[in-house]
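Based on these hints, arrange chains D and C on the given structure of chain Z.
For the record, the sequence lines run as chains Z, D and C. Read in our numbering, the first sequence has 254 at position 254, and its numbers run on one by one without any break. In our numbering, each residue carries its 1-based index in the second sequence increased by 1000. In our numbering, each residue carries its 1-based index in the third sequence increased by 2000.
It is worth saying that the hints were derived from the structure and are not from the lab. Heads up, the beta-carbon is just placed ideally off N, CA and C, and yes, glycines get one too. Where hints are given, some of them may not hold.
[Unchecked claim] To give an idea of the chain Z side of the interface with chain C (calculated C-beta under 8 Å), a few residues:
#: 1; residue: Glu177
#: 2; residue: Ala183
#: 3; residue: Thr184
#: 4; residue: Tyr282
Spelled out, the chains give:
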Amino acid sequence: MTDTAAVASARWRLKRPSIIPGFGLTLGFSLVYLSLIILIPIAGLFWRSAALGWSGFFAVLTDERTLRALYVSFGTAFVAALVNVVFGVITAWMLTRYDFPGRRLIDAMVDLPFALPTAVAGIALTALYAPQGWIGSLFMPFRIAFTPLGIVVALIFIGLPFVVRTVQPVMEEIDREVEEAAATLGANRFQTVSRVILPGLAPAILTGFALAFARGVGEYGSVIFIAGNIPYVSEIAPLLIVIKLEEFNYAGATAIATIMLLISFAMLFVINLIQAWSRRRYGNA
Amino acid sequence: MPDPLRTASGRSRAFRNPADEGLGAKIILILLALAFLGFFLVLPLVSVFVEAFRKGWMEYYEALVEPDAAASIHLTLMVAAIAVPLNLVFGLCASWAIAKFEFKGKAFLITLIDLPFSISPVISGLVYVLLFGSGSLLGPLLKSWGIEILFAVPGIVLATVFVTFPFVARELIPLMEDQGTGDEEAALSLGASGWQTFWYVTLPNIKWGLLYGVLLCNARAMGEFGAVSVVSGRIRGVTTTMPLHVEILYNEYNMVAAFAVASLLTFLALVTLALKTLLELRFGAGNAGGRH
Amino acid sequence: MEVTINNIRKEFDRFPALNDVSLKIASGELIALLGPSGSGKTTLLRLIAGLDFPTAGKIFFGEEDASHHSVQERNVGFVFQHYALFRHMTVAENIGFGLKVRPASTRPAKAEIRRRVLELLDMVQLGGLEKRYPNQLSGGQRQRVALARAMAIEPRILLLDEPFGALDAKVRKELRRWLREFHDRTGHTTVFVTHDQEEALELADRVVVMSQGRIEQVGSADDVYDRPGSPFVFSFIGESSQLPVEVKEGAVLFQGQPIGISEPAGGVGELFFRPEDVALVDAPDALFGKVTACRRLAGTRIAEIDIANDGHAPYHVEIEVPLHAPIELGSEARFRPTRWKVFRK
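Next up, chain Z with everything else stripped away, as it sits in the complex (with noise of 0.2 Å):
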């Protein structure tokens, strides 16, 4: 008897034991559904993508557009995701240290991205951008939308609360006697802050950054009116994409889905090595 219990407890097991019920229920039903709507239809792409066969696959990324498409996704996302860094800790750092009238109002607004939609954005900066825009019009004769540049001020509006709500929450937790202690030794405020609080937030700011830049490479619904889709110039890989899906050709709208996709999936294992990381030499998130 005792002999097939230490047995039995030595096995594989899947799930450690409790009393709480709906195990199999729960997670079978998670694990279908999940499986209906997001593992097989992305199982599909790849399956389709590996039948277009190496030469196939080559032919399309060598393609001089559809490089000029993926530079200028990953080139805007990169900058605005850049920008987004600057201004986004400038913002989590004034949310959490200043009191000012209106601060839970811009704490609230942060967020506007992450609810509006992006059509609507996209038609609204559009509007302000263009030539005869509110913002445009400063800045005629140069011009910002319908250039690369637009593209970069619509994933700059999407981008933005991801540096925000990333970066923020860690500097809410930083110990204001680690600022005190600074300066005790000697160090003054530049010092303090580029040496000691920059630091601190770095795994943050870096997990934001590749948050916002993930996002901004797949952007598709703010980017299309404000870019001006120039091929070769302003147009983005979603967007060719798309046009692709619209002359039928399934083969390299999946040739750059997939591409895609290998690169979100790189990035996400990216901002967890990060996170991993951090956790395991600062002891914190």
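For chains D and C alone, coordinates are given in the frame of chain Z:
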């Protein structure tokens, strides 16, 4: 009383908190941030309403009651009414399994649930085009049975479910993990059934987080553009949701109508933000963080 | 470095946290600021450091008026209650920070900084841990890193805020002894804040007892325990009982009756005595009351006694009695303080 801020040398010097910037630096930072937020958040928001009312109330009103616009509002509400409850049930099931039990592969499952957040909306639509399109196995088969998925309402619902998939689960998992299993075990030991335990013990504890997740899920469901645009086919008045209708009007240079429909969506976004802020203030439900 | 604090007042939003505090700290002294929370002890420490500025009053470092020198200019070593280590820096980087942020003209060379860091690590007995992150250290180790970091800038004075507050009892005892040795070795003027009287009495050369923003008494451990200067000090340090009394013609009267002890000056006041300074007597002029509880405490016995108060809630006192004293629960005990103090109202 001697002036406390006067040093022995007679120089006056104000105290500055060593864990604080000077007033000048503060003002510069605040102005920088406000200018940035003004250019990128506030002005776009304002411009939606300005453009919508450019030609007055009548034009605005007519743009909204026009049959195609009304149809798009109707479709949008219907899609959200299907997609949100589906993801709500999934969110509850997934968070129950993940938060209340220890099992192998849990971290991986959470990553999979988050997946739609890191996929371009266009690709989210594309996968269904590939699955149900003319070149696929399923599409022609379903078509022969008279079932249209692509360029029809089911496709729009599927694409919306895909992009809003993680919202409820994402809010509930950390919340339920924080609450642990003690309450449920206590209820069960007192003789409650599994359902009673969920209904009377678990649900009251997570209701605000749940509401919060539903709110975000709904906002995205009504506002989704990229994924829906790929599967919709844009049959005017039939498969155009509000965001798609905005695009059509915009491309027809019908700006007032485009911004009028957009203003409804903006209003929805503002209500969502207001409710979210209220929930955070009152109940500290979740935090605003994360990936949406 | 001698530190002189002259008539310091500190208000936070009109609320006085410190009220006319003056104190002279001799060079090389180890001083404890002792008091309950809210007594202003941490505020005083922060004012000395320059982390806050006084509303009024002056602070001198030696002959120099430091009242309006910034914290950076004061060059004090401050050890924070929760250590405040920089968690993205290694132990070595933490300790070397104060040297690295110096202006180029006074900054030691890299090799010199490294040498000093290793030397300090040895001094706090953490040699070999320089590459660790704070997260990978125990509480006691973090505490010593914080101390080494504060020492690295060759501070004029060392300030410690509740240095052992966040540690468990055993480590606390060890570190306490270690800090005393460290102080004796380095000879730094040191001020530490604590709410633990045992810690203050054992460790410090002099104890500054504080309450409600004022200094109640300054003195050695013997002074504050044996010769408490105020009712607060008497009741805050050690165990004590207090009773309202009146002094008439040299005799101390409790409830109008003489209790067999005498005081020179007259008037109404409070009688304080410690449980161990009591003798059981068999005389009419004594305190008496009903024994309500009796408990063994190491080599002695503590009796809890209720003294009737004319219909009001009885006075509750605790006295130490010999192990074999004829004390029984419910019986009456008669006793007199052998050492006491009357604080007049």
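Status of the hints after comparison with the structure:
Using the Cβ-Cβ criterion of 8 Å, the hint placing Glu177 (chain Z) at the interface with chain C is satisfied: the shortest such distance is roughly 4 Å. A distance limit of 8 Å between C-beta atoms decides the matter here; for Ala183 (chain Z) the minimum to chain C is near 5 Å, and the interface restraint holds. The criterion of a C-beta within 8 Å of any C-beta in chain C is met by Thr184 (chain Z), whose closest approach is roughly 4 Å, and the hint holds. A cut of 8 Å between beta carbons decides the hint on Tyr282 (chain Z): the least distance to chain C is about 5 Å, and the hint holds.
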